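Visitor: Line by line, the protein sequences are chains Z and D.
Residues 1 to 288 (my numbering) are what the first sequence spells out, left to right.
Residues 1001 to 1319 (my numbering) are what the second sequence spells out, left to right.
None of these hints come from the bench; they were simulated from the model.
If you're wondering where the values come from, they're calculated on a predicted model, not measured in any experiment.
Any given hint could turn out to be false.
The following residues of chain D were derived to be distant from chain Z, with all beta-carbon distances above 10 Å [to be verified]: (1) G1056; (2) L1058; (3) L1068; (4) E1077; (5) L1107; (6) E1124; (7) M1172; (8) L1189; (9) H1255; (10) E1258; (11) K1260; (12) G1266; (13) A1297; (14) P1298.
Cut-off 20 Å, straight-line C-alpha distance, at most; resulting in silico cross-link-like pairs (PhoX-like, lysine-lysine) [what the hints assert, rightly or not]: (15) K1141(D) to K1093(D); (16) K112(Z) to K1141(D); (17) K36(Z) to K1127(D); (18) K1141(D) to K1127(D); (19) K1093(D) to K112(Z); (20) K277(Z) to K112(Z); (21) K123(Z) to K1081(D).
Even for Gly, the Cβ is constructed at its ideal location relative to N, Cα and C.
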Amino acid sequence: MNAETQEPTFVDRLKATPWSLWTQQVLSILRLELKKTVMGRRFIGTVILAGIPVFLFFLRTLVDVPEEAVQSLGGSAVIFAAIFRTFIIRLIVFFGCVFVFSNLIRGDILEKTIHFYFLAPVKREVLAVGKFVSGVSTTGILFSLMTLFAFFLHYLPAGPGEMQKFFVNGPGFFHLAGYLVVIWVACIGYGAVFLLMGMLFRNPIIPAILILGWESINFLLPAMLKKISIIYYLESLCPVPLPPGPITLLADPAPIWVSIPGLLVVTVLILVIAGIKLRGMEISYSSD
Amino acid sequence: MSQNDLNQQIILNDVSKFYGEVLGINRVNLSIPPGVTSLVGPNGSGKSTLLNLLTGLLRPTQGTIRILGTEPSDSQELFRKVGYCTQFDAFPKGLTGYHFIYSYLRLYGHNHVKSEELTWKALEQVKLSDAANRKVAGYSKGMRQRIKLAQSICHQPSVLILDEPLNGLDPMARAEIISLFQELGDSGLHVLISSHILHEVDMISDQVILLDGGYVVAEGEIRGVRSEVQEHPIQVLIRCDNPSLAASRLFEQDHVVEAKIHEDDGGVLIRTRDADRFYTLLNRIVLDNNLKIESVAPADEDVQSVYEYLIGGDGGASK
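Bound conformation, chain D alone (with noise of 0.2 Å):
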């Protein structure tokens, strides 16, 4: 790998963060690139760790760790790429909304005009306006989560580091925040979210990471550590004209393990062993019944499915 693309990855070199004797993370070796990755594990997992050596805020005990090129330890330099939401809700006294984003922004080195105009910017992108000159003291939860986020964006960083950033907001504000998500992803920022709300994330997730006791049970695009998850039987859903013909056909099928209608009898749920043998027999199927197929799709490709699988149960995941 060149410099340029270590330049442009956060980079975990076996960092392994021990608080005495107790396990924090252990030898994690991680390459993330651009886009939107959910960092995913149980409580106690290890990742508010894992999130506060990425930005200094904990050193580890070994390894190392480069975001874009610079060490945690440098915090000028860092704090220039990377913006953290953390789950902290603690805040400088007497600070209203306002001022707590400008004072940041002052702090980073902007003049009174530019940190003017990016607070209002940031408010603005977090729907705060209206409350900016209240007192973060007296903000609900929905609005401490919001104003945080502010502060996290509010200087454009490259790297975005969100710690349970959907705690305490309502549904439409969630769903705005998480959009907010898809469009830094998909302007080339590298998000790293760790949430509990894993079907939200799902949606707006190009790479997956799981912890699991302080380990990485699993990493990479979700579709890739879906199907390295042999022991599950892959799922897929066929929305078609005829569902009752299409699951008593597949399910005749040696690998088909199961062929569920589905709740809407409006398409079959299958459950394969293997994926590859599934598609081709589908299309033979589909051929010989004369079936009109909706769409194909498959049904476990995302971060609850390979949660489940991996780390077992909920893990106190919620929907």
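So here's chain Z without its partners, still in its complex pose (with noise of 0.2 Å):
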């Protein structure tokens, strides 16, 4: 048969659809955002913030640490589980979020820099999308390492004999591996949120806030209301449950189906939102 009679291959079909042009779309703003965001101040006060988890977990290994901590690696667990719910899920990731994904978009319109993404070929949905993978994927790397490092300094007073019965032999590398989940999750659910604040708002701070108050009280929320949050799925996801606390009002934890998908269809709703807004967005930094 003659090549040029042919019929397109489905790599060949795939390419001639927009997904394929929307996804390099999507990789170059990826790239581009990658490099602003390393070489920018903002995100120097974001590491700042991801290193202090991981500077107070090395002060720990310095101080003599308690006999029964060492040898009972469950009841650590339980240590850090909460350390991971109340400190690096409630603050650490909340506000390096605020400062990651609602300055995306913002911070390009403060700076002027909006029209380069304006004036290109690139739908601003698309753009939205690629914005929102950029902040996902500097959150999501950071965060992940800040866990990392935290996680294994948490267990490093045990002894490399403990650890290793712990992580070979035990839970430990399902621990690790779904406080890793549970910090994707978190960077997709809140950075698709603090984006659009970025968008809505003046100064996204003051919603943030607001957030987090509502994020705070979850425990003493009824079970219906705890569902309209975000904190609830990811608490769903950690790998260690807690005891309840004394006025704790108790509900069943989301199942796994319901706590990833159910975040992922809300990003989902969210980053439509924020690409119908930006599809109307003007620049009026100009004059004439």
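Relying on the hints, combine the two individually framed chains into one complex.
Guide: Structure representation (structure tokens):
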């Protein structure tokens, strides 16, 4: 058969679809944004933020650790779970996402560089996705590294023998993988929310504080209201359950097949709104 | 006008833009054919508003815009056809000149090899190849202007929109860039230039659009616009061997309001209210007086003159 009359292959057909172009555009935006983010001053603040738990866990390795904490890694796992939920997710990841995502589009507007993208043959919706993917990549990688270091530093005082038992024969790697999944899902969920907040509000820190307040009182909320939050689904994904506090209103944790797809659906909806908002955005920083 | 013709033009239909209660442009109707078109007007006349509307950076309050059949809101389709060199002088952080253009071409959808090839071609066209690997943030004003131009032409658009493209360029660079615009206009592109440097854009413009206070004051071929300005006598420069004799003979006619010997004594500048009668008369005078004519050329069929007549003063236009 002549080459000119050959039927197009699946790959050829795929390349001819807009999805192929959109994927390339998202990857181009990702490359550009990673370069910009890593060189930006704001990123230094986020790195310092991510370094705080690592530094605190490192300090802990330098001081005497109670004998029972070393010998009972099970108890130690609960301590890490508590720190992870209350400090790492609720504060570090939360504010890291506020800094990174709320500035993804707002930062370009303030620096008067958004026209670079607006003058390119890129759908604004694709731009919103590209920016979001770059934010998730940045925060996901940074906070995964943070969690990895914090996790190992937490168990380091137990000594190499106990650690080997915990990671090789025990649930160590399962716990670690679970925490990393929570980190990425948190970056996706909070990221989408703060990307939109950065577009809707002149000062996104105010809605961020309101959201933090709502997330912080989640344990006091009735089961129905608990579900209108991100932290509820993140805590449901955590590998080590915590005993409820004396004033906690109990609610069944969401199953994994609800938590992850549910947050992803909400993320997609928020990105659609961000795309629509971006599509209608005008540049008004010029003068005649 | 057929659909095919509509798809070859830039069309604005009853377009208005208001910023709250402040007028940007009002009820603009334009049909811009291929070639070089100058957009002129004083500061605040609505030039940048018009260009930003054409490129979808602003949305019209009312009316419709089509660029070669595409709506400006369809950015993916629009910027395959359009290149826009803005006045905005901010660039994404940390990029070199090369990466600024290359990233744009990757966003366009070109692969690495094609993007690289087109990047170097565009940099070569604006004479920035040597500075390609330097950060844009460290570029001079003129270099930044040229890298913006490179970005607007790198994907070989059919429509080139340029907002004050000559700002910050030295005379040599201006001449080179103007010649590039002329080349692009001659090759069938739509080149729309907003500029204060009227005498330079005048050299290459086929059409002119005059804006004042958000309204289109005049539009069309420069000669046609000039001929519609009845209240200002037409100026003609005649270069001949005996300008004094020519001046005295021509000044006897009632429609000739002024006859002035040119500064270099090599010609006479005539102002007349009736161009047709003037040219008929000129033939007779030349024959009767045995004058040797070197050239006869209109002296005010240019953007600068039309601007002065219709808008008044130099309107901030600088030579």
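Visitor: Against each hint, give a clear statement of whether it holds in the structure.
Guide: Verification of the supplied hints:
In this structure G1056(D) is not separated from chain Z by more than 10 Å, as the shortest Cβ-Cβ distance comes to only about 7 Å. At roughly 5 Å from the closest C-beta of chain Z, the C-beta of L1058(D) falls inside 10 Å, breaking its exclusion from the interface. L1068(D), annotated as away from the interface, keeps every beta carbon of chain Z farther than 10 Å; the closest lies near 14 Å. Remark: the non-interface label on E1077(D) conflicts with the geometry, its nearest Cβ contact in chain Z lying 7 Å away (cut-off 10 Å).
Taking the minimum C-beta to C-beta distance to chain Z, about 4 Å, the non-interface status of L1107(D) is violated against the 10 Å cut. Under the 10 Å C-beta cut-off, the non-interface status given to E1124(D) relative to chain Z holds; the minimum distance is some 22 Å. No Cβ of chain Z comes within 10 Å of the Cβ of M1172(D); the nearest lies about 28 Å off, and the non-interface call holds. The beta carbon of L1189(D) is kept farther than 10 Å from every beta carbon of chain Z, the shortest such distance being approximately 17 Å.
For H1255(D), the non-interface assignment is confirmed: its Cβ lies about 40 Å from the closest Cβ of chain Z, beyond the 10 Å cut-off. For E1258(D), the shortest C-beta to C-beta distance to chain Z comes to about 36 Å, beyond the 10 Å cut-off, and the non-interface label holds. Look at K1260(D): its CB is around 37 Å from the nearest CB on chain Z, clear of 10 Å, so calling it non-interface holds up. Chain Z leaves G1266(D) outside its interface by the beta-carbon criterion, the shortest separation being 42 Å against a cut-off of 10 Å.
Annotated as non-interface, A1297(D) keeps its C-beta farther than 10 Å from every C-beta of chain Z; the closest such distance is 34 Å. In this structure P1298(D) is separated from chain Z by more than 10 Å, as the shortest Cβ-Cβ distance comes to about 31 Å. Between the alpha carbons of K1141(D) and K1093(D) the distance comes to roughly 17 Å, so the proposed pair stays at or under 20 Å and holds. Distance restraint check for K112(Z) and K1141(D): the Cα-Cα separation of roughly 17 Å lies within the 20 Å cut-off, and the hinted pair is therefore satisfied.
Taken as a hint, the K36(Z) and K1127(D) pair is broken in the structure, with Cα atoms around 26 Å apart against an allowance of 20 Å. The straight-line distance between the Cα atoms of K1141(D) and K1127(D) is roughly 14 Å, inside the 20 Å bound, and the hint therefore holds. As the CA atoms of K1093(D) and K112(Z) are separated by approximately 11 Å, the hinted pair is consistent with the 20 Å bound. For the suggested pair K277(Z) and K112(Z), the alpha carbons sit about 18 Å apart, so the restraint of at most 20 Å is met.
A distance of roughly 14 Å separates the Cα atoms of K123(Z) and K1081(D); the hinted pair therefore holds under the 20 Å criterion.
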